[in-house]
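Protein chains in written order, with the UniProt record's numbering: chain A, 1 to 213; chain B, 1 to 213.
Take the hints with a grain of salt, since some may be wrong.
Just so you know, same-sequence chains aren't split out, so a pair can sit in one copy or run between any two.
Within a straight-line C-alpha distance of at most 20 Å, the following computed SDA-like cross-link-like pairs (lysine to any residue) qualify [to be verified]: (1) Lys140 with Ala2; (2) Lys140 with Asp98; (3) Lys62 with Glu200; (4) Lys62 with Thr201; (5) Lys62 with Asn121; (6) Lys162 with Arg44; (7) Lys24 with Val34; (8) Lys140 with Asn8; (9) Lys62 with Arg41; (10) Lys140 with Asp167; (11) Lys24 with Arg168; (12) Lys62 with Ser199; (13) Lys162 with Tyr195.
To be clear, the hints were calculated from the coordinates, so they are not data collected in a lab.
There are 2 protein chains.
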Amino acid sequence: MAVRVDLNISLDGYATTTDQTPEKPFGEDWGRLVSAYTATRTFRQRVFGKTDGSGTTGMDDKYATAYFEAVGAEIMGAGMFGLHNFPDDSNWRGWWGDAPPFHCPVFVLSHTERAPIRFDNGTVFHFLSASPTEVLGMAKAEAGDQDVRIGGGPTTVRTFLKAGLVDRLHVGITPIILGQGINLWDDLRGLEAGYTVTSETADTGIVHLTFAR
Amino acid sequence: MAVRVDLNISLDGYATTTDQTPEKPFGEDWGRLVSAYTATRTFRQRVFGKTDGSGTTGMDDKYATAYFEAVGAEIMGAGMFGLHNFPDDSNWRGWWGDAPPFHCPVFVLSHTERAPIRFDNGTVFHFLSASPTEVLGMAKAEAGDQDVRIGGGPTTVRTFLKAGLVDRLHVGITPIILGQGINLWDDLRGLEAGYTVTSETADTGIVHLTFAR
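Next up, chain A with everything else stripped away, as it sits in the complex (with noise of 0.2 Å):
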């Protein structure tokens, strides 16, 4: 098993999008960020639930099919579940609707105490206050012969890098200049050392880039 990170970045770093505006509430920039990956044939399927074989079959796709694979817990930020845009709102059940694409447990990195939320699909999210070191060790119970995800936002898998955790950290670089929002090299000085860096390029023009060690 390892502690896996995968990240859809701008081709300066952000990992985050900040247009978001009343009238657009996802802004711009996120689908432009992503739109390679959400194209493929696998998220289309695995997110979507579309079986007609459309979307892309690509390397984004073979990418999008190793991102699905052998994860068996996941680790997010409070920002990434939404706490941060619904703080009082004691119902909220994250943004992704009655069946949440993760499958397996969730752990929600926040201060406030909730109780755990399950979803038929086995997607269980469990909320709690601990060191990155902590709540990975829960994970790794979890997961069992499985990889454990840091699935984001971009701060909660900087600390987690920074803190030597992570196995295997793949980027797919999307050629745009965002200019704004969190960048996830911010304060990664020398990351390189210790890991064996490889890359790939899509025809999509999507830069695949993968640390592992």
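Assemble the complex: chain A is given as a structure, and chain B must be docked to it using the hints.
Below, chain B alone, put in the same frame as chain A:
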């Protein structure tokens, strides 16, 4: 002819290094940032005068060859020439010794008037205070059918990119995180508009990414 840029940058976008010390006047980061480029057969031949055929011959060498082709004039900032390091040395002739590897007119943007410096190999440094559009007009007149390169540093390159004056931007991205220096991508949100972006990956791990219009 085209107005072009070729730069080596880190994965987090830095095109300069800042780890110089009195004991290590070039630092260690710079060598790591450009190591795949300086290892090429073309670089060794063109810059070091090595004619023994040593050096790498893969994709990095293909880009190194392109780097030296068809440049009829170059524009650089005062910092790249060294005027910020040696502001009071009126005899300073640049970092490149008796045979600077330009072989063409080089326009150095500087607020200090200096007489041109001419070398036997065709390199001539001109010093002038002018707007990007003005200096580009002069450089194009010198270059004729050949390209004009905006050589650096990154702040000068950014100025020309922001002004929409660059036809082709090639970056060789070295998969290291520097975390400090001058970031090429700062303040360039939306740069990709109007460009087609292509990328290739070398066995060395370098990602060659080109914005072209």
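Notebook entry, point to check: Is it within, between, both, or neither for Lys24 and Arg168, if the alpha carbons may be no more than 20 Å apart?
Noted result: neither (34 Å within a copy, 33 Å between copies)
Item checked: Homomeric proximity label, Lys62 with Asn121: Cα distance no greater than 20 Å -> This pair counts as neither: shortest intra-copy Cα distance 24 Å, inter-copy 51 Å.
Item checked: Lys62 and Arg41: within-copy, between-copy, both or neither at 20 Å Cα -> within (10 Å within a copy, 35 Å between copies)
Next item on the list: Could you place Lys162 and Tyr195 in one of the four classes (within, between, both, neither) given a Cα distance threshold of 20 Å?
Entry: within (13 Å within a copy, 35 Å between copies)
Notebook entry, point to check: Is it within, between, both or neither when you check Lys140 against Asn8 at 20 Å Cα-Cα?
Noted result: neither (24 Å within a copy, 40 Å between copies)
Notebook entry, point to check: How would you classify Lys162 and Arg44 at a CA-CA limit of 20 Å: within, between, both, or neither?
Noted result: neither (33 Å within a copy, 37 Å between copies)
Next item on the list: With 20 Å as the alpha-carbon cut-off, assign the pair Lys140 and Ala2 to within, between, both or neither.
Entry: So Lys140 and Ala2 pass the 20 Å test inside one copy only (9 Å; across, 55 Å).
Notebook entry, point to check: At most 20 Å between C-alpha atoms: does Lys140 with Asp167 qualify within a copy, between copies, both, or neither?
Noted result: Within one copy only: 13 Å inside a chain, 50 Å across chains, cut-off 20 Å.
Margin query: Reference check for the pair Lys140 and Asp98, CA-CA at most 20 Å: within, between, both, or neither?
Written below: Neither. Shortest intra-copy (25 Å) and inter-copy (61 Å) distances fail the 20 Å Cα cut-off.
Note to self: As a check of your reading, is Lys62 near Thr201 (CA-CA no more than 20 Å) within one copy, between copies, both or neither?
What the structure shows: both (12 Å within a copy, 17 Å between copies)
Notebook entry, point to check: Under a CA distance limit of 20 Å, which applies to Lys24 and Val34: within one copy, between copies, both, or neither?
Noted result: Intra 17 Å, inter 42 Å, cutoff 20 Å: intra-copy only.
Next item on the list: Could you place Lys62 and Glu200 in one of the four classes (within, between, both, neither) given a Cα distance threshold of 20 Å?
Entry: For Lys62 and Glu200, the Cα distance is within 20 Å both inside one copy (11 Å) and across copies (18 Å).
Figure legend: structure checked against the earlier numbered hints; hints not met, in rising order: 2, 5, 6, 8, 11.
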